[in-house]
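Residues per chain, in single letters:
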Amino acid sequence: MSGLLRSRGTAWILIAAALALPFAAHAAEFPYLVRVGGIVGLFMLLGLGLNFTLGYVGLFDLGFIAFYAIGAYTTSIAMKAHVPAPAAILLAIAVTVFARLLLGISILRLRGDYLAVVTMGFGEIARLTINNMDWLTNGPKGMQVRPWRPLAFLAKDPNVQFYLLIVAAVLAGVAATRRLEDSRVGRAWVAIREDEVAARLSGIPVREYKLLAFTLSAVFAGLAGSLFALWEQFVTPESFVFWESVLVVSIVVLGGMGSISGVLLGALILAGVPPLMQATLSAEWINYRYLFFGLILVLVTLFRPQGLLPSSRREAELTS
Amino acid sequence: MVLQQLVNALTLGAIYSLIALGYTLVYGILAMINFAHSEVLMLGAFAALGLATILPAAFGTGALGLGGMFVVSMLGAGLVNVIVERFAYRPLRHISRLAPLISAIGVSIVLQNAVFLWLSTQSLSFPQPVEIKQIPLGGGASVSSLQLVILGAALALMALLHFWVEKTKMGKAMRACADDITTAGLMGINADVVIAVTFFVGGALGGAAGVLYGMNYGSIKYNLGFLPGAKAFTAAVLGGIGNIRGAVLGGFILGGLEVLASGYIPNGAQWRDVIAFTVLILVLLVRPSGLLGEKLAEKV
Amino acid sequence: MTRAKALLEVKDLAQHFGGLKAVDQVNLTISEGEIVSVIGPNGAGKTTFFNVLTGVYPGSRGEIVFDGQPIRGLPSHEIVARGVARTFQNIRLFPDMTALENVMVGRHTRTVQFLLGPLLRTRAFLEEEAAIEARAKELLEIVGLKALGNDLARNLPYGAQRKLEIARALASDPKLLILDEPTAGMNPTESQDLVALVRKVRVLGVTVLLIEHQMRVVMDISDRVFVFDYGVKIAEGTPREVVSNPRVIEAYLGKEAA
Numbered sequence: 001m002s003g004l005l006r007s008r009g010t011a012w013i014l015i016a017a018a019l020a021l022p023f024a025a026h027a028a029e030f031p032y033l034v035r036v037g038g039i040v041g042l043f044m045l046l047g048l049g050l051n052f053t054l055g056y057v058g059l060f061d062l063g064f065i066a067f068y069a070i071g072a073y074t075t076s077i078a079m080k081a082h083v084p085a086p087a088a089i090l091l092a093i094a095v096t097v098f099a100r101l102l103l104g105i106s107i108l109r110l111r112g113d114y115l116a117v118v119t120m121g122f123g124e125i126a127r128l129t130i131n132n133m134d135w136l137t138n139g140p141k142g143m144q145v146r147p148w149r150p151l152a153f154l155a156k157d158p159n160v161q162f163y164l165l166i167v168a169a170v171l172a173g174v175a176a177t178r179r180l181e182d183s184r185v186g187r188a189w190v191a192i193r194e195d196e197v198a199a200r201l202s203g204i205p206v207r208e209y210k211l212l213a214f215t216l217s218a219v220f221a222g223l224a225g226s227l228f229a230l231w232e233q234f235v236t237p238e239s240f241v242f243w244e245s246v247l248v249v250s251i252v253v254l255g256g257m258g259s260i261s262g263v264l265l266g267a268l269i270l271a272g273v274p275p276l277m278q279a280t281l282s283a284e285w286i287n288y289r290y291l292f293f294g295l296i297l298v299l300v301t302l303f304r305p306q307g308l309l310p311s312s313r314r315e316a317e318l319t320s
Numbered sequence: 001m002v003l004q005q006l007v008n009a010l011t012l013g014a015i016y017s018l019i020a021l022g023y024t025l026v027y028g029i030l031a032m033i034n035f036a037h038s039e040v041l042m043l044g045a046f047a048a049l050g051l052a053t054i055l056p057a058a059f060g061t062g063a064l065g066l067g068g069m070f071v072v073s074m075l076g077a078g079l080v081n082v083i084v085e086r087f088a089y090r091p092l093r094h095i096s097r098l099a100p101l102i103s104a105i106g107v108s109i110v111l112q113n114a115v116f117l118w119l120s121t122q123s124l125s126f127p128q129p130v131e132i133k134q135i136p137l138g139g140g141a142s143v144s145s146l147q148l149v150i151l152g153a154a155l156a157l158m159a160l161l162h163f164w165v166e167k168t169k170m171g172k173a174m175r176a177c178a179d180d181i182t183t184a185g186l187m188g189i190n191a192d193v194v195i196a197v198t199f200f201v202g203g204a205l206g207g208a209a210g211v212l213y214g215m216n217y218g219s220i221k222y223n224l225g226f227l228p229g230a231k232a233f234t235a236a237v238l239g240g241i242g243n244i245r246g247a248v249l250g251g252f253i254l255g256g257l258e259v260l261a262s263g264y265i266p267n268g269a270q271w272r273d274v275i276a277f278t279v280l281i282l283v284l285l286v287r288p289s290g291l292l293g294e295k296l297a298e299k300v
Numbered sequence: 001m002t003r004a005k006a007l008l009e010v011k012d013l014a015q016h017f018g019g020l021k022a023v024d025q026v027n028l029t030i031s032e033g034e035i036v037s038v039i040g041p042n043g044a045g046k047t048t049f050f051n052v053l054t055g056v057y058p059g060s061r062g063e064i065v066f067d068g069q070p071i072r073g074l075p076s077h078e079i080v081a082r083g084v085a086r087t088f089q090n091i092r093l094f095p096d097m098t099a100l101e102n103v104m105v106g107r108h109t110r111t112v113q114f115l116l117g118p119l120l121r122t123r124a125f126l127e128e129e130a131a132i133e134a135r136a137k138e139l140l141e142i143v144g145l146k147a148l149g150n151d152l153a154r155n156l157p158y159g160a161q162r163k164l165e166i167a168r169a170l171a172s173d174p175k176l177l178i179l180d181e182p183t184a185g186m187n188p189t190e191s192q193d194l195v196a197l198v199r200k201v202r203v204l205g206v207t208v209l210l211i212e213h214q215m216r217v218v219m220d221i222s223d224r225v226f227v228f229d230y231g232v233k234i235a236e237g238t239p240r241e242v243v244s245n246p247r248v249i250e251a252y253l254g255k256e257a258a
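Protein chains in written order, with the numbering used here: chain A, 1 to 320; chain B, 1 to 300; chain C, 1 to 258.
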């Protein structure tokens, strides 16, 4: 089954399906579907990003959403300063990466469980700081973002425009991740995860490579945050609470750490199902979503630690 | 002014210390951060509230009320901790360091949301069994009877714990397991039982802290555990995680830092949470073994 | 008679852990092309010594000069890049990577492609990947594991795992190969096999330093032997010289036997 899901043909089919979604939504008179698609796409990006940190190198990061926030807010502030949107996006990515690099340099030598707590602490510090610096960020009242409608020639609905942008970003992210996996750098990361000492004694500069994985995560977070801000046209600290970090961790754990297709599926389920249920069933469903995530984390860890679509290597690691 | 700050700091510190002890006991024996501890303390508070609500005549006020609330919260919280350990952590102990952690986070979310969805989404007012009197200390400062009760209860529990760990057979077994669980097992100690007892004791202390928290702030909510839990964990790390005295020391230091920050930094109250987390990061960077902890190395 | 060049010079090396002198006042020289064994009772500090050589421990005092450059205290990956590779007492392979992938990882210090190459799939990147794979296959063949390339390292038989570790170490084109108890747990046939492999390695131009407990192997393969006891080098010489050295006998068997 997973072989089928991984084949080339399947990839093209899925891409076609993704591109066809707006048409299907229009035909079914269910435009909300495009919005859900966009949200799922953003979480796919976040999942792919966290995958570098958690999936490849095994660093337990509980504050990843802070970097989504940094990307979003940098974009908002830049747009307010009349920086053209594409430059704002690049700036946001740069700032996010830089912040991540600084954090990484400080904390990467910590042991696994300490790292979890420190990243959680940093996530909270980031959110609280954004919340408190209202001269810059407008604090809890949130910031409006200057409108940007890049694909107006393609589609009138901004939801569709940004959906397409997000799809493009996800495709680029998947391609980049795949290519890095299959390289000297990717092998080094796996080696570090499997036996750090042996990796070091095989000539791999472990500390630098961990920092590299940690920092690359931020490219995805910054890009996703940027697109989020430009799409929603409004950012508030409430969108970046600790539970969102947990959600991204859940996506990676559920899908299968280190597995690209797993992360995509995880995002589809965890970020896509709740809003769909909310729209089709009742508004109350959304309140159950966190309970749902918690249960998933516990049950998946207990009964299927390798995730839904594990990379073959991970399956071997966890089921022996 | 300073005296008042001191009184407030001691009160806050006492609560943090109790919670920190819960983290440190579990960490000492399993090298695991019990992320669900914050929810265990919350459940303890709700258990006490439940008792006072169901039997208000007997347990709503007075010494009986206070005692009853402690008993119920400590038993309840301890039990929850034991159950969680048995079903969500034990099967994962031998798989990896990461797995129990992920599971713990999941449990934490489930517990918090269960209370949110099925008990109450709002703040609920917490019974006040102690009649609040202000006792002046001179210099404009005063300590309330409530604060005295909090401090007294916390110190009494810490003393009990100390006695338990140092003087009883089970306490000795706990210390042995914390030191080297494999060898303890080889010496005939049933590690699973000791671990369960440790979780019970840690949870019970957390439950008591929950009651004290409820009394101190007058109300409880489904998410009451998150911040105090995170801060108490900081305190445990500050003192040296796994070290009982360290947890107490760290709790009081953190309480002091928070009160100082609120008092003396402009807009300090807004930033008090940031301070706790910043302290956490700084301690882990500069002195990861904490004030009273020890360093460990890996054999190649 | 031409003197072989000194490849490794250790001067007054010590590694203390608090009050414990795991390694103390060690002086020795190894010349290019030699096969040198380090022997000694358990706990004599042999592995600790290797750990200092390879940067796992920083060493408390003294110098290590490798190929004319000081290396004590350098990070391990830097030492590997300079030409020192090692295997471990308790085999440390990457268990869920294939044998081929394990060896490919060993090639890390001799390759350069970083991020742009793989992301843009440049020709330089593709050529390097092909070269890495080819060299890894070559090395598997040299150690006799050609057929097992696609097996997961964790599934290989014990003897094959030891050989795989050597292949991975050789992938970094080392000048000095350090083997920590390479024949541990092997029967006589497997040990013979390994001896032949070590000789082959020397023919390929690699100097070999090994910790070994099987005396038959030591006598068979070594040009010279160093003997350690309680963290100190107590004797050195040809195998024959060392075996009849009373201090050595005393270290192994106690005063009476000497």
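You may find that some hints are simply not true.
Ranges of calculated distance between the beta carbons of each label pair, as one might list FRET restraints [to be verified]:
| # | chain 1 | residue 1 | chain 2 | residue 2 | range |
| --- | --- | --- | --- | --- | --- |
| 1 | B | 148 | A | 273 | 22 to 28 Å |
| 2 | B | 172 | C | 185 | 54 to 60 Å |
| 3 | C | 205 | A | 84 | 39 to 45 Å |
| 4 | C | 65 | A | 9 | 43 to 49 Å |
| 5 | C | 114 | A | 234 | 35 to 41 Å |
Only some residues are given here: those of chain A computed to face chain C with a beta carbon under 7 Å [claimed, not checked]:
| # | residue |
| --- | --- |
| 6 | 172 |
| 7 | 174 |
| 8 | 176 |
| 9 | 183 |
| 10 | 202 |
| 11 | 204 |
| 12 | 205 |
If you are wondering where the hints come from, they were derived from the structure by calculation, not from laboratory data.
Here a beta-carbon is modelled for each residue, glycine too, at the ideal position from N, C-alpha and C.
Those earlier numbered hints the structure runs against, lowest number first: 1, 2, 3, 4, 6, 7
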